[in-house]
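Order-wise, the sequence lines are chains Z and A. Per this note's numbering, the very first residue in the first sequence carries number 1; after that it's consecutive. Per this note's numbering, the very first residue in the second sequence carries number 1; after that it's consecutive.
Don't take every hint at face value.
What the hints assert, rightly or not - Result set (DSSO-like, lysine-lysine): computed pairs, CA atoms no more than 30 angstroms apart in a straight line:
id, chain 1, residue 1, chain 2, residue 2
1, Z, K89, A, K167
2, Z, K22, A, K91
3, A, K91, A, K16
4, Z, K121, A, K165
5, A, K165, Z, K29
6, Z, K22, Z, K89
7, A, K167, Z, K118
Since the hints were derived computationally from the structure, they do not count as laboratory data.
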Amino acid sequence: MSDKPELTVSVVTPDGEVYENKTTLAICKTAEGELGIMPNHTPVLASLAIDEVRVKTGEDQYDEIAIGGGFLEFSNNVLSIVASAAERKENIDTSRAERARDRAKERIEKAQNEHDVKELKRAEISLKRALNRIKISGH
Amino acid sequence: MAGSLQSVKRRINSTKKTQQITNAMQMVSTVKLNQIQRHTASYQVYAAKIRSVITHLAKSHLLDSISVSSSSKKSDDPMSSLGMLQQRPVKKVGIVVITSDRGLVGSYNSTVLKQTMTLIDNVSKADNKKDDIVILAIGSTGADFFKQRGFNIGYEYQGVNDVPKFKEVRPIVQAIVTMFTSGAFDKLYVCYNHFVNTLTSEFRAEQMLPITAENVGDLENDGLEEAKEGQIAPAYDAEPSQNAILEVVLPQYAESLVYGAILDAKTSEHASSSTAMKSASDNADDIISTLQLQYNRARQSAITTEITEITGAQAALE
């Protein structure tokens with residue numbers, strides 16, 4: 001592993017760095033589909049979907065991080081994932097995520113009744129985030 | 001004489017107790033200041049990343065082209081981040097005023113409020129300036145102040161945590177951005193105290209919305225300096241397109257700006273609270289030493305009187 005080229009992954013959120021590691025492969029979900037980044041990839045900017053980022057740590061072993069939307073920037077073998085919220089799989093509080101899901105569902109229902117388009121969109125995004133966290137923690 | 005002795009003693013005691021309280025409050029503020037500074041350091045990493053990406057996009061002159069196209073077609077989707085670039089004729093000005101919820105922070109609040117009033121005078125020359133201004137108050141002191149003066153309060157938020165987390169601030173930011181895109185105001189200033197160091201803070205009013213090529217241009221200069229220090233900024237591939245990335249980055253940028261301002265304001269609040277409490281403790285020290293002197297004098301004179309009485313009595317007996 002040591003003589004292979006490596007890239008550094010760092011996940012930053014407004015509340016600080018959530019994750020930092022060296023790896024040979026990071027797989028991110030962008031709005032268009034999966035994007036695998038290996039060392040010496042050309043510099044890239046991409047928007048991220050509300051999904052997970054997987055960072056290879058060994059044979060068939062991945063660190064999984066839930067991303068609540070954001071973008072990635074890769075240059076000079078440093079992959080920066082700039083997200084408004086991110087949690088490592090181990091740190092996800094499932095019961096909290098479930099509460100967030102229920103809350104989001106209520107908000108969607110309310111917004112639908114009141115025909116509040118903005119609120120509906122926002123609630124849908126919250127729901128997506130919550131479901132994403134639940135999904136990843138359940139792997 | 002004994003009565004004054006007692007009362008001086010009582011005053012010394014009460015001052016000492018007050019001093020204990022201000023001492024404790026000073027320590028609490030200092031701890032909070034340290035906490036928030038640590039938190040700000042980790043936030044800076046995030047802000048720097050966003051800034052470098054925005055700078056890059058600004059360099060490719062994407063912002064200019066979009067701001068032109070969006071203002072001509074008047075984007076109808078209020079959730080579209082490109083609305084943040086929309087420059088409209090300025091009829092109403094939104095002013096976010098960040099103040100503290102509690103007192104005992106020295107001149108912190110009065111500085112912000114005074115300077116904000118000056119800004120309001122500059123922004124709108126009209127006589128009915130109260131109609132042109134929408135105040136968005138974060139912190140109760142500012143809200144009360146502007147309410148009393150009959151300003152139009154568009155948004156009010158109280159009880160920001162001592163070390164605010166992004167999650168907490170996010171609804172505030174979203175509310176503000178929605179108000180902008182829906183046309184409640186056409187220009188947004190954020191007024192707060194910028195933390196310089198523990199002893200000084202400085203008032204800042206920043207125009208945050210709409211995001212214009214000029215205010216990104218300021219960043220560009222900073223970014224260029226950074227780039228000179230480090231490597232040359234690489235030419236990025238954009239996935240799926242630069243526009244799509246802008247859609248994601250701009251809201252994050254706006255959020256991070258407001259969050260940064262709130263963090264900065266809170267830092268300066270803790271700093272000035274700590275300084276105010278320190279000077280209160282120092283004043284208490286002064287008062288105590290004056291009172292102690294007074295007490296000693298009073299006691300000495302009491303003793304002297306007593307001795308005179310005793311010697312007088314003895315002389316009378318002989």
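Structure-based check of all given hints:
Between the alpha carbons of K89 of chain Z and K167 of chain A the distance comes to roughly 19 angstroms, so the proposed pair stays at or under 30 angstroms and holds. The hinted pair formed by K22 of chain Z and K91 of chain A fails the criterion: a straight-line CA distance of about 52 angstroms is larger than 30 angstroms. A distance of roughly 55 angstroms separates the Cα atoms of K91 of chain A and K16 of chain A; the hinted pair therefore is violated under the 30 angstroms criterion. At roughly 23 angstroms between alpha-carbon atoms, K121 of chain Z and K165 of chain A fall within 30 angstroms of each other, so this suggested pair holds.
A hinted pair counts as satisfied when its Cα atoms are at most 30 angstroms apart, and K165 of chain A with K29 of chain Z qualifies at roughly 26 angstroms. Under the criterion of a C-alpha separation no larger than 30 angstroms, the hint pairing K22 of chain Z with K89 of chain Z is consistent with the structure, at around 18 angstroms. Taking the CA atoms of K167 of chain A and K118 of chain Z, the gap is about 19 angstroms. The hint holds against a cut of 30 angstroms.
Checked against the numbered hints above, the structure breaks hints 2 and 3 and satisfies the rest.
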